[in-house]
Amino acid sequence: MQSSFSDFEYASKKKLTRRDRFLAEIEAVTPWGAMLSALEPFYPKGGGRGRPPIGLERMLRMYLAQQCFGLSDEGMEDAIYDSQAIRGFVGIDLARESAPDATTLLKFRRLLEAQGLTKELFETINAHLAEKGLMMREGTIVDATIIAAPPSTKNLSNARDPEMHQAKKGNQWHFGMKAHIGADIDSGLVHTVVGTAANVADVTQVHALLHGKETDVLADAGYQGVHKRDENKALDVQWHVAMRPGKRRTLPKDRLGRLMEAYEQGKARIRAKVEHPFHVVKNLFRHRKTRYRGLAKNNAQLLSLFAMANLFIARRRLFALDSRIAS
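Going by UniProt numbering, the residue at position 17 of the sequence shown is 17; the numbering climbs one at a time, nothing skipped.
Just so you know, the hints here were simulated from the structure itself, not pulled from any lab data.
We put the beta carbon where it would ideally sit given N, CA and C, even for glycine.
Watch out, some of these pointers could steer you wrong.
Taking CB as the label site, the calculated pair distances span [to be verified]:
no., residue 1, residue 2, range
1, HIS207, GLU131, 24 to 30 angstroms
2, LYS132, THR103, 35 to 41 angstroms
3, ALA268, ALA102, 40 to 46 angstroms
4, GLY33, SER72, 46 to 52 angstroms
Using 25 angstroms as the maximum straight-line C-alpha spacing, the simulated PhoX-like pairs for lysine-lysine come out as follows [what the hints assert, rightly or not]:
no., residue 1, residue 2
5, LYS119, LYS253
6, LYS168, LYS289
7, LYS45, LYS107
8, LYS267, LYS253
9, LYS154, LYS297
10, LYS213, LYS233
Could you put the whole structure together from the sequences, leaning on the hints where they help?
Quick look at the structure:
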């Protein structure tokens with residue numbers, strides 16, 4: 001295929017931007033074949049009199065780029081025209097074709113939501129990572145974060161989203177939802193995602209965050225009493241829940257107190273791994289506010305976001321594995 005002048009100009013530039021590097025890494029570590037195979041049975045085949053559907057791989061690439069850069073449907077359409085790096089990732093040559101418009105991306109996203117396919121993508125990526133030996137499944141770290149929702153009532157219904165609620169964290173009230181996750185104790189990769197309203201207590205979701213094969217579960221002080229809950233009594237796991245800060249400050253200064261403090265520090269170091277997926281989703285992917293109304297659509301998006309976060313977190317280990325295989 002003949003390259004356009006803009007392609008030559010882009011290829012000859014001297015500086016590789018962070019966006020270039022990011023997309024190149026995502027391109028390299030994403031299991032495209034497995035993901036396309038999971039979606040293909042649900043994607044329209046065409047064959048009628050109307051315009052044939054845009055290729056599945058192109059739409060999947062457009063959707064994943066949208067998630068990674070925190071863009072709206074219209075913003076993603078504009079980004080394809082504005083950014084050569086994104087055009088190259090999606091596979092668009094503007095000299096020969098126009099980019100899929102925002103409505104086409106909207107219909108693709110709704111297909112994923114209606115068929116539960118973001119969960120399929122999440123599980124496909126995690127199966128790929130497990131095959132590479134990056135998910136050990138011997139222990140789980142549980143945690144949750146609040147995703148803010150727009151509190152404004154300036155919309156068609158003149159009301160806030162009825163499925164979102166307020167929750168107090170520290171001395172501040174937050175309106176929105178919670179993303180609860182279960183992460184692998186060794187790699188920090190997320191194996192389970194559950195979305196609820198923000199006022200749902202973290203400790204009530206633990207049973208839904210465990211895959212059933214772990215021997216140890218770590219959690220912060222907000223999960224105190226988790227082993228006493230009816231849904232968790234039959235679980236054959238060791239619970240490692242952080243001591244409440246007030247009680248920790250009163251530990252004796254003797255040998256036993258020092259050992260208990262060292263144990264708390266050890267738990268905190270392991271538990272810190274669970275913050276990395278939250279950092280990627282909220283800071284790198286810019287998902288600090290819900291984009292849609294209702295929990296179902298936002299939960300579907302969370303699965304896509306944490307799937308891509310897993311790939312991003314694991315990318316260096318995947319590169320190292322591939323280089324060992326190549327050598």
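Comparing the hints with the structure gives:
Checking the proposed 24 to 30 angstroms range against HIS207 and GLU131 shows it holds: the Cβ atoms sit about 27 angstroms from each other. At roughly 37 angstroms, the beta carbons of LYS132 and THR103 sit within the given window of 35 to 41 angstroms. Against the hinted window of 40 to 46 angstroms, the Cβ-Cβ separation of ALA268 and ALA102 comes to about 44 angstroms, which satisfies the hint. Hint check: GLY33 to SER72, Cβ distance near 29 angstroms, so the stated range 46 to 52 angstroms is violated.
A distance of roughly 49 angstroms separates the Cα atoms of LYS119 and LYS253; the hinted pair therefore is violated under the 25 angstroms criterion. Restraint check for LYS168 and LYS289: the C-alpha separation of about 17 angstroms stays at or below 25 angstroms, so the hint holds. About 15 angstroms separates the Cα atoms of LYS45 and LYS107, which keeps this hinted pair within 25 angstroms; it holds. This hinted pair checks out: LYS267 and LYS253 have alpha carbons roughly 20 angstroms apart, not beyond 25 angstroms.
Distance restraint check for LYS154 and LYS297: the Cα-Cα separation of roughly 20 angstroms lies within the 25 angstroms cut-off, and the hinted pair is therefore satisfied. Between LYS213 and LYS233 the CA atoms are separated by roughly 16 angstroms; this keeps the pair inside 25 angstroms, and the hint holds.
The earlier numbered hints that this structure contradicts are 4 and 5.
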